[in-house]
Amino acid sequence: VDILRQAASGAAPKTPSEPCATGVLALHAVASAAACATRGDVNGAVGWARGVPGPLRSMLLADEMETAVILAEETLSPEATARAAAMQSARAWSWATVRKAFVAELIDKAPDLGRNIARHYGMVDQIELHTMLQQLRKASAGKASLESPSPHARLNVQGALDFVRRFGAELFRDADRPTALLYEAFACIGKDRRKAARLLDRALAKGADLIEALRARLLLAMSGTGLMCPDCGFTHGHSAKEAAAAADHLAHALRRDPEAAPLAITAFILAAEGWLEAGFGSKARASILEARARAQALPAFGSRLDVLEAVAIMEGEPNRARALVEAVLEREPTSAEAWKVLILLADREGAQERADALVLEAAAATNDLSLREEARAIREERDAARSDEQEPEIGAPDGVARSHNLAALSEDPSAPIMRVVLRKAGVPAAVVNALSDERLMAYAAELNSLMDGAPRGSAEMKRRVFALLDRLFEESWKEAGKRLPKPRQPGSSAAPKRTGAARSIHGKG
Amino acid sequence: MNLMSVLEPYQKARALLGVSSRASPSEVKTAYRKLVVEHPPDTDPQKFQQLRDAYELLTDGGARAKQILLRPLPAIDPPALSEQGDVATRGATAIAVLRTIASRIDLDVLLDDTPVAGARRP
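Just so you know, the sequences run in chain order S and B. Each position in the first sequence, counted from 1, maps to that position plus 10 in my numbering. Each position in the second sequence, counted from 1, maps to that position plus 2 in my numbering.
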């Protein structure tokens, strides 16, 4: 077996001392044939292969060996082509490695025959692979003639990703395999997470670029369910913790090099965002502290870190959180994320009027789409309230419409007041007018009972009222809407809804 | 550990503006202004854009760094395909056959034989 191993590297095996067994001599002949073939000495290889005694030819695959070495000729003779075609039925053909090598070599020397055989055996991948390799070799040879000689065929980044996705990393030399595994992992992100994770483990074990591997881990974690938040880049949900841990790991690797400070800070920020998303406040604050320690010479990161810290401490220290974002807005009045935190703080305190005023102010100060949508909805709501006050047919008491205090409705549940309520919920006047007084009275009674027990003006009361209004909206349509034209679809430009998007730092409801 | 891959944009930007990695934001700004005067946008728009990009990267508040970190492509050079690899090279099939023989060889059969003179040399 040692003789065979030496032969595979092109070294001629030592001549056995005589006398010795025929089998050993035959083995020596086969090994010599392979060594000659490896060195490119086709005639020598064929001569050795033909020297194997008859009874052992089958056992040592001497015929296959002979065919194999003939394939190394620059041009195939008719005899060699026939032998190559006949090798399909040889025993060696049952070995996948032989089959692949055989088809590859045959495609090189006799493309039509090689492709036919490959196609016959369903080896379409092999045809494509070798076509690609031939093209690369040609391109590489052309490049080498123009520039310095290069022993390798270079792929571009996208080409390499396509290649490893299709054929795997095993085709690359040992020295290039860690990078090839990394490329294959990148190619699998978003397509096969388990495979990508396995490939990254292998790439790291073989010494692949650590930063790139950690970056790939972060991308893999963030690709969780295949849907990233366009604002923060994270997949909201169970993978946030995994992504935060990956970002933290990457940040700690990056922080070792002072030149990488902007990247390390950004990785810590990503980690903090992930920890906050996953509900790990203390870990988020630790990441923010690490980022701050490196951001002293990079003031551009200050505002982002202040806003992030405000979010992290919002629960326990709302006043300090407010002071942080107000300071940010002093410096950067157009910071949408600082405005959103300020609005969120007002919202959490139940200061609805102040939150609405902040939304209007923020929309005017920034170009943020969600803030502008929210502001538009608030303005329309206020306009609707004003017009309700002026609608004589509704007959609503002035005080109710003017104060916007829905709680007051519970004290005087009546049909006219329910008309006001339904109009405010967005039900068209025609639909409201089509409802009977009995139905309206029933709605009013339900509204009254729902609000029992909830403090007036509280968030809970509002939530109950709006939940009921949603239902009434649907029911009133069912009862009265059949005779009327179809309502506008929710989200249409003519009827904006208050989504609460501006009250989320991620721009999501 | 190789940080070159992700640091390359920063290194190029610093080289373009002629500032060191320890340069403060004000030093970066001074260098940028000086170069912009030398390469105004109306006479040298390409160079001006390069300077602008470099300046924005070095004074960035995280957006560009985030793009670099979350770029879904590897930032290192692709692996090279060896022309001398196992596939479609001279003698590859012979070696594959040889490996097959090595994996299935029965040494007992080979050794249990009558001694004869040396094998025929081509």
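These are computed hints drawn from the structure, not numbers from a lab. Please read all numbers here as calculations on a predicted model, not as lab measurements. Every residue gets a Cβ at the ideal spot worked out from N, C-alpha and C, and that includes glycine. Don't take every hint at face value.
Below, in silico cross-link-like pairs of lysine-lysine (DSSO-like), each with a Cα-Cα straight-line distance of 27 Å or less [unchecked claim]:
# : chain 1 : residue 1 : chain 2 : residue 2
1 : B       : Lys68     : S       : Lys251
2 : S       : Lys216    : S       : Lys205
3 : S       : Lys205    : B       : Lys68
4 : S       : Lys293    : S       : Lys251
5 : S       : Lys201    : B       : Lys49
6 : S       : Lys293    : B       : Lys68
7 : S       : Lys216    : S       : Lys201
8 : B       : Lys49     : B       : Lys68
Here chain B is said to cover these stretches of chain S; the calculated rule only asks that three of the stretch's residues, wherever they fall, bring their Cβ under 8 Å from a Cβ of chain B [as the list claims (entries may be wrong)]:
#  : stretch
9  : 37-44
10 : 192-200
11 : 258-269
12 : 386-394
Residues of chain B placed beyond 12 Å of chain S at every Cβ, according to the derived structure [unchecked claim]:
#  : residue
13 : Leu37
14 : His41
15 : Gln48
16 : Gly64
17 : Ala65
18 : Ile70
19 : Arg101
Results of checking the hints against the structure:
no.: 1; hint: B:Lys68 - S:Lys251; result: 18 Å, holds
no.: 2; hint: S:Lys216 - S:Lys205; result: 16 Å, holds
no.: 3; hint: S:Lys205 - B:Lys68; result: 25 Å, holds
no.: 4; hint: S:Lys293 - S:Lys251; result: 10 Å, holds
no.: 5; hint: S:Lys201 - B:Lys49; result: 40 Å, violated
no.: 6; hint: S:Lys293 - B:Lys68; result: 20 Å, holds
no.: 7; hint: S:Lys216 - S:Lys201; result: 23 Å, holds
no.: 8; hint: B:Lys49 - B:Lys68; result: 25 Å, holds
no.: 9; hint: 37-44; result: holds (count 7)
no.: 10; hint: 192-200; result: holds (count 5)
no.: 11; hint: 258-269; result: holds (count 7)
no.: 12; hint: 386-394; result: violated (count 0)
no.: 13; hint: Leu37; result: 20 Å, holds
no.: 14; hint: His41; result: 24 Å, holds
no.: 15; hint: Gln48; result: 23 Å, holds
no.: 16; hint: Gly64; result: 5 Å, violated
no.: 17; hint: Ala65; result: 9 Å, violated
no.: 18; hint: Ile70; result: 7 Å, violated
no.: 19; hint: Arg101; result: 7 Å, violated
The structure fails to meet hints 5, 12, 16, 17, 18, 19 from the earlier list, while all remaining hints are met.
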